[in-house]
Amino acid sequence: MSDPTPAIPAPSAGPAPAGQVHGHEPHLHIVPIWQLAVVLGILLVLTVVTVLVAYLTPSVTIAMAIASVKALLVVSIFMHLKWDKPFNVLVLFVSVSLLGLFLAFALMDTTYNEKYRRPVYFREGWNARFQNENPGVQLPNWDMSAHGGAHGAPEQAPPSSTAGGH
Amino acid sequence: MDQQIESGKLGMWLFLATEVLLFAGLFCFYAIYRATHPEVYKYASQYLNMWMGGLNTLILLASSFTAAAAVTYAQRRDKAKLILCLWLTLAGALGFLVVKFFEYSDKISHGTLWGVNYTPHVGPTHAHHADHGAHGPAMVLNPSVDYSTTTPWADKPALKEVSVVGLGKNTVEVEAVDGRVTAAPALPPDEGKKLQSDAHVFFSVYFVMTGTHGLHVVIGMCAIGWVLARTYRGDFDSGYWLPVDLVALYWHLVDLIWIYLFPLLYLI
Chain A
1 MSDPTPAIPA PSAGPAPAGQ VHGHEPHLHI VPIWQLAVVL GILLVLTVVT
51 VLVAYLTPSV TIAMAIASVK ALLVVSIFMH LKWDKPFNVL VLFVSVSLLG
101 LFLAFALMDT TYNEKYRRPV YFREGWNARF QNENPGVQLP NWDMSAHGGA
151 HGAPEQAPPS STAGGH
Chain B
1 MDQQIESGKL GMWLFLATEV LLFAGLFCFY AIYRATHPEV YKYASQYLNM
51 WMGGLNTLIL LASSFTAAAA VTYAQRRDKA KLILCLWLTL AGALGFLVVK
101 FFEYSDKISH GTLWGVNYTP HVGPTHAHHA DHGAHGPAMV LNPSVDYSTT
151 TPWADKPALK EVSVVGLGKN TVEVEAVDGR VTAAPALPPD EGKKLQSDAH
201 VFFSVYFVMT GTHGLHVVIG MCAIGWVLAR TYRGDFDSGY WLPVDLVALY
251 WHLVDLIWIY LFPLLYLI
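Protein chains in written order, with the numbering used here: chain A, 1 to 166; chain B, 1 to 268.
Check before you lean on any hint, since a few could be wrong.
[Said to hold, decoys possible] Not everything, but these chain B residues come out facing chain A in the computed CB check (under 10 Å): (1) Met12; (2) Trp13; (3) Thr18; (4) Val20; (5) Ala24; (6) Arg34; (7) Gly54; (8) Ala62; (9) Ala69; (10) Arg76; (11) His216; (12) Leu249; (13) Ile259; (14) Phe262; (15) Ile268.
[Claimed, not checked] Computed list of lysine-lysine pairs in DSS-like fashion (alpha-carbon distance at most 30 Å, straight line): (16) B:Lys81 - B:Lys100; (17) A:Lys82 - B:Lys81; (18) A:Lys85 - B:Lys81; (19) B:Lys100 - A:Lys85; (20) B:Lys79 - A:Lys82.
Please keep in mind that the hints were generated in silico from the structure rather than gathered at the bench.
Source: prediction; values computed, not measured.
Glycine is no exception: its CB is placed at the ideal position from the N, C-alpha and C atoms.
One chain only, chain B, in its complex shape:
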């Protein structure tokens, strides 16, 4: 019995090592482009909503806790609490995917997608920067967009002044009358176009990394559901808990990857 547990755990750790190496390739992808295009990452990450990413971090950490608690309850043969913890873990995974769905649909509606599909309609809005303009750029205006026909800041009529990223004291007066932005941005066309034309790289990185991670969340949900079904069937009533532990290990890896993805993508 003891030997079975040890060999099962070793097999899982070897599999997790290959998972780390899978994501290692993606982290290299991220690092190389960030080293060569730091300004693009800084610019394009403003399109991401850090509160959504932060919420997902909290959800995953909490579900990681319930997964670890599930292992404890499985080892204590507390079936009712084991079932509760597995359901909570599953709910956390579902919550993560729901938040991710809203983020992805936001990207699709704004046209901020990967590669050739990158066709942004509005400049990035960063709520917490807009509220505290002293801390840095509020948003970058896209010189190729006619802002007189769009209302990207319709919900912020009080916004009067917008500082342009990277140009320090250069600011643009934006008249927000009835939610319509009437003033043309004074961003130098070379720089604006440069950042705009390279921003697709960041979104390629973003979608590949979060997509691969999201796939792992879905696989993890399947695994948790499988363990849940076996728990109901009574497989873990007599002191056998190894599948619960192995699935929890997988779920912790999903959490681990996100612990790194959150600051790397959202908090630049």
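Here chain A stands alone, though its shape is the one from the complex:
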């Protein structure tokens, strides 16, 4: 009783532990430079990796996964969120979740909306192959943006011109 030894020593009492310079900021965590340098190295390597992956097998999923790993490193180490208050983590988590929510609902509408379902003529050369295999058959005008191009409006052509083939 006469020798009160506090369980938690006063910050300014003893020598400052490693990583803390001054005792009056007990929660301060100073990130050492070597740790930042390691993170920078990983980030640079991941940048090269994402370019290589895009070059060999382009994939949005892989590119976004690599970008998210990089973002996690930046947020946790560079932005100190690893040692920060959990509430700040929550703030970022909520905003990123809302971003995901917006994207999910926006894409839900576009990919399931029948009016946007157009043939992917680009990837397979669908139009060109179709016209090679079916010479003389007029393809419908997939273009919905109404440019009024030189090759006429397809609405004026008789719609039953290709119906005889069925």
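Since the structure of chain A is already known, use the hints to place chain B on it.
For chain B alone, kept in the frame of chain A given last:
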């Protein structure tokens, strides 16, 4: 003191959350058009120079590192190194804008701009694809362009064969004599015009997203310059480092956005 630091950081994180939501709208813009026009993105992204974008990624990552190091040195009260790191961060931001300037002036000279201003003069050239034709399309020829009067590949006289995007085995013989392309492209007019007429959507996305990001780079430079001036004035000599940390947080957000923009725009 501790409470001031915590509330200052919380305020900054709340602001960064609104920044994420600002860019969320732009990412939705990107995603909706990519979902409905995947072929246009694939086609038009060939106009972008991925090496320029990659260089900017490296510059921003490095400047993000120096910004984080600046916070460490501010907390250690190492004024000389803090000033060095802030100058390096500022130099990285300036380097990013210089590369961006060259990219934008390239787009302006090629007429690959947003919306109604999209009037391309040449087909997209993709240097690394031209060197390795086996990996995919070298370039797309614009059927509405008279290539006999333009010299888009004047610097590549050895180029003889160009595969047309999306048509697989269909290839076009291009005679590059004295840098002049003499053969007419055999691209089906419907597909070529379709891709050409929709490509402006991609460039609208490109300029809105990189423009908003570039604005953040400029604002970040102002903030870094402000912290630099305060460092010279001696505001951070006595263990006060919060403004350095908050500006660094903002600069990391600029880096974060670019980490996503680079693969989404350049590496399609």
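Original post:
Going through the earlier hints one by one, which of them does the structure break, listed in rising order?
Top reply: 11 and 19
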